[in-house]
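Read top to bottom, the protein sequences are chains A and B. Everything in the first sequence is counted per our numbering, starting at 3 for the first residue and increasing by one. Everything in the second sequence is counted per our numbering, starting at 4 for the first residue and increasing by one.
Since the hints were derived computationally from the structure, they do not count as laboratory data.
Derived DMTMM-like pairs: lysine to aspartate or glutamate, alpha-carbon spacing no greater than 20 Å straight-line:
(1) K283/A <-> E75/B
(2) K278/B <-> E458/A
(3) K406/B <-> E458/A
(4) K406/B <-> D459/A
(5) K224/A <-> E299/B
(6) K406/B <-> D173/A
(7) K200/A <-> D17/A
(8) K278/B <-> E455/A
(9) K406/B <-> E156/A
(10) K282/A <-> E75/B
(11) K406/B <-> E174/A
(12) K278/B <-> D459/A
(13) K406/B <-> D168/A
(14) K283/A <-> E298/A
(15) K406/B <-> D379/B
(16) K296/A <-> D379/B
(17) K406/B <-> D160/A
(18) K406/B <-> D230/B
Here is what each chain is made of, one letter per residue.
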Amino acid sequence: MNLRLKFEDIRDRWDSGWRSPSSFSTLLPSAISDPQQLDHLLATREAAILTALAGIDDLHALRIVVVPPEPGHGPRLLLNSVADSTPRQQQRRLAAVLARHLHDIVGSEALEPAAFAALLGRHRIREATLFHASPGLSLRQIREDARLRHVLREWIRDLRAAGTLDRMSLDEARLHARLHVQSLNDPTCASGTAPPVKGRWRRCLDLIGTFLFFPLLGVLGKDIQLAVCALQPGVNRVAGALLVALWWLYAAPFTALAFIGVRTMEILEPDFEPPPAPEKKLHRLEAVEDARTKNELTIWFPVKPTVWGRLLMRLTLFGSERGTRHLWTRGTLAGAQNIHFARLLLADGGRRMVFMSDYSGSFDAYIDHFIGVGGNTRAVVPISSRVFGCPQTRWLYFPKDTASFRTRWRAMVRSYQLQAGVRYVAYPDLSANDILSHQRMRAGLFAENLSAEALEDWVRRI
Amino acid sequence: MIPPDLEDHIQALAFTGFNSLPHTTLLRVTGVNTAWLAHVLPKISFGRARQETGVQLLLTAAGLAALGASPEQIRAMGREFANGITSTPTSQRLGDSGPHAPDTTWWTDRDHQAVLLFYGTSAEALAAPIAELTSGVRQVGQTQLRLPPHSREPFGFLDGITRTRIARGNADKGYAMPAGTFIFGLPDASGSIADGGPMARHGALVVLRELSQDVQSFWRYWLQVADGDETTAIRLAAKAVGRWPNGMPLLPGQVTEPAFDATQLDFGTFAHDPKGDGCPFGSHVRRANPREGLTESPEISLQIAALHTILRRGRVFGPAAPPDWYPTPLRMHMADGTQSDAAAHRGLMFIGLCRDLRSQFEFIVQNWLLAPKFADLYNEVDPLLAHTGTQRSFTVPTGGFCKHLEGVGGWIRPHGGGYYLMPGREVLRQLALSANPRT
Numbered sequence: 003m004n005l006r007l008k009f010e011d012i013r014d015r016w017d018s019g020w021r022s023p024s025s026f027s028t029l030l031p032s033a034i035s036d037p038q039q040l041d042h043l044l045a046t047r048e049a050a051i052l053t054a055l056a057g058i059d060d061l062h063a064l065r066i067v068v069v070p071p072e073p074g075h076g077p078r079l080l081l082n083s084v085a086d087s088t089p090r091q092q093q094r095r096l097a098a099v100l101a102r103h104l105h106d107i108v109g110s111e112a113l114e115p116a117a118f119a120a121l122l123g124r125h126r127i128r129e130a131t132l133f134h135a136s137p138g139l140s141l142r143q144i145r146e147d148a149r150l151r152h153v154l155r156e157w158i159r160d161l162r163a164a165g166t167l168d169r170m171s172l173d174e175a176r177l178h179a180r181l182h183v184q185s186l187n188d189p190t191c192a193s194g195t196a197p198p199v200k201g202r203w204r205r206c207l208d209l210i211g212t213f214l215f216f217p218l219l220g221v222l223g224k225d226i227q228l229a230v231c232a233l234q235p236g237v238n239r240v241a242g243a244l245l246v247a248l249w250w251l252y253a254a255p256f257t258a259l260a261f262i263g264v265r266t267m268e269i270l271e272p273d274f275e276p277p278p279a280p281e282k283k284l285h286r287l288e289a290v291e292d293a294r295t296k297n298e299l300t301i302w303f304p305v306k307p308t309v310w311g312r313l314l315m316r317l318t319l320f321g322s323e324r325g326t327r328h329l330w331t332r333g334t335l336a337g338a339q340n341i342h343f344a345r346l347l348l349a350d351g352g353r354r355m356v357f358m359s360d361y362s363g364s365f366d367a368y369i370d371h372f373i374g375v376g377g378n379t380r381a382v383v384p385i386s387s388r389v390f391g392c393p394q395t396r397w398l399y400f401p402k403d404t405a406s407f408r409t410r411w412r413a414m415v416r417s418y419q420l421q422a423g424v425r426y427v428a429y430p431d432l433s434a435n436d437i438l439s440h441q442r443m444r445a446g447l448f449a450e451n452l453s454a455e456a457l458e459d460w461v462r463r464i
Numbered sequence: 004m005i006p007p008d009l010e011d012h013i014q015a016l017a018f019t020g021f022n023s024l025p026h027t028t029l030l031r032v033t034g035v036n037t038a039w040l041a042h043v044l045p046k047i048s049f050g051r052a053r054q055e056t057g058v059q060l061l062l063t064a065a066g067l068a069a070l071g072a073s074p075e076q077i078r079a080m081g082r083e084f085a086n087g088i089t090s091t092p093t094s095q096r097l098g099d100s101g102p103h104a105p106d107t108t109w110w111t112d113r114d115h116q117a118v119l120l121f122y123g124t125s126a127e128a129l130a131a132p133i134a135e136l137t138s139g140v141r142q143v144g145q146t147q148l149r150l151p152p153h154s155r156e157p158f159g160f161l162d163g164i165t166r167t168r169i170a171r172g173n174a175d176k177g178y179a180m181p182a183g184t185f186i187f188g189l190p191d192a193s194g195s196i197a198d199g200g201p202m203a204r205h206g207a208l209v210v211l212r213e214l215s216q217d218v219q220s221f222w223r224y225w226l227q228v229a230d231g232d233e234t235t236a237i238r239l240a241a242k243a244v245g246r247w248p249n250g251m252p253l254l255p256g257q258v259t260e261p262a263f264d265a266t267q268l269d270f271g272t273f274a275h276d277p278k279g280d281g282c283p284f285g286s287h288v289r290r291a292n293p294r295e296g297l298t299e300s301p302e303i304s305l306q307i308a309a310l311h312t313i314l315r316r317g318r319v320f321g322p323a324a325p326p327d328w329y330p331t332p333l334r335m336h337m338a339d340g341t342q343s344d345a346a347a348h349r350g351l352m353f354i355g356l357c358r359d360l361r362s363q364f365e366f367i368v369q370n371w372l373l374a375p376k377f378a379d380l381y382n383e384v385d386p387l388l389a390h391t392g393t394q395r396s397f398t399v400p401t402g403g404f405c406k407h408l409e410g411v412g413g414w415i416r417p418h419g420g421g422y423y424l425m426p427g428r429e430v431l432r433q434l435a436l437s438a439n440p441r442t
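Hey, can you work out the whole structure from these sequences and the hints?
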């Protein structure tokens, strides 16, 4: 095992537990030079691949995307999976089920899973940023929690039909519901609270290291402030506010320098508008996106073509990764609520940035969430501003021309967007919000005591 | 604010629902040409002036092309307009799938080039203008629309309550919206101006959707889930609609319909009902206009909702339903159907005006009415628009555990529709003179 792989292994192990599920991405060169033929081949094999993937018991999502040819590269396959196991384990499991479906496409002579796994590993790209709306929740827990909701709804319906529900107080009903769930002995909905997320100490160390060694993170000032405000009122919040105030004394000069540097580049960079997506492509994207409740977005962005542009993109993604680790851990990505997983990667030596997300609802609503009126622009503008073709920004977070920014940004996304040839989702009907709601439902059911407000909230969730 | 002389360049439907003219004939025609347009143009009503009859002209993408518009000019008004209401992405967004998928019984914007809307005090009063303005073109369909005296739609609920309108001036508040929200070439609330190309100037895009309503099944369902209790049936149906049948808002704690009070009909927010105990989050009214419920900030939410607003000018079609289909308390209001044909088609012709089909009309349908996760709900769509191809449950908060009603919907079915441009006066004049604005 060479040094790079060893280093990646250490990082994977550091993140395992508190950063699960984990993401595995690889960019495989294709033996087929015609991207249309590649699309066609994937389409004909999609059903078989999906059937095979359903056998992986911890796989949340997977996509295979055909990346069109570019100077120096033929068509490539971008493969990404999100699963509870470590990236290394995912690599082996995926190889076991995908080798026979993809080996001829990627020009691998070996059908052996081990050889295919090595191929996947050789072309692996590590996520620069990974966001989870429900960190620490395994596929099994997500399914159990969804089942619990179903069980509770049925129980309520039966009790209401029998006329006994009205005779109970809400808390009595909750305790009866708990007994009912426990008496079922049903492994598909479990009969207790979820185990605590592992790696708490690693998370604390990561937090301390992050803020100690990277004072540039002051650019995330608003999110840091919001994270402190979200702490339980009392000692924790006061201590948090105090620590942040002290940290600002140290971080402020670095943050100011960072903003000045960014602003200088914003002024010097030319404004470029990519060609609009052709009608045929838009039609194909819409036909798929508008037919499902949970969608995927894959964007193959070119990074601004200068050394400084690439450097700034790396720094921006580094900052956003720190945000996903420690600030955006309560179901929202810098305020945006409809994303379940998001991952950002740098490919081709930093010349390309790949954005992949799984979100609920329509594309229009998704885009509005970021750049519509009241949208959470701080989630998307800083990152996309480093992309070649993004409408110009001011001070990293603000559009230069607010009136045209939304239209141009949306057109840019469509221009660079790629459609997954194969897409697997373990729970297509569950949004990130559903998953978090189910988790709270279980926590409320098995809590020793609930305040009147918490009890009402629990009752309304069912 | 629009200068009064500019108002006279915009067809009257943008300003009025012609409420004093209860009879409407909707004619779908083909074979439009510049000579016919020159003949029709002087009869079209513009601006706010009231007349004894009103004529409005709507053109499909094909109609515009027949009058000389280029494909680029048509596409400038949006891909949705150019591709029509039955294009695949649009059909998906509107929920026109499964039993609602467009079929051969539908009329669509692909089978005609223009729609003429005639408004009058009686059907007889419209005979002469119809005869005069349809010479030279071929009629492909006709629908009689009406504004019933009780102002209730066929299910028995008061309709046309929210008076969204184009602002007369800067001081005009409430439901008054900047003209640019609906009209091309004028500023909207955010100050931006939708261009839409030369053909769109001072025009609006119009959606027509013929929605037939199965009144008997609607009330049979609510009586069934209420175990035959008419008061409960009306209350539950009102929860699904989002208002009491007499139009009064649903407030937490109410169990029977309150007395009608016109001053209480309009409400700008749901601040009085934050948990949906009165008007459920999943109800039609709350989905169609979520007001301050879209984000944590009520102000921002209202701004977002305003951007998606459309002007509604719908009218009823078909005979009134037999009164015995309604619960007893509603029969006195719906008595005009005593002699009517029970098997006849009846329903609502939805007529909506906007300037961006995708981000206004289609957005509302796709992301609010038919969104299964709307307002933290779990896999349910608008109870009125649900059908066998969608989730058919409806959550009714009760103060304790919510009630989940299964099998709602299936009562409304589209039978046709289209996307149209309602052109401004100057564009019509240039088209009629064959002076194509593209040149």
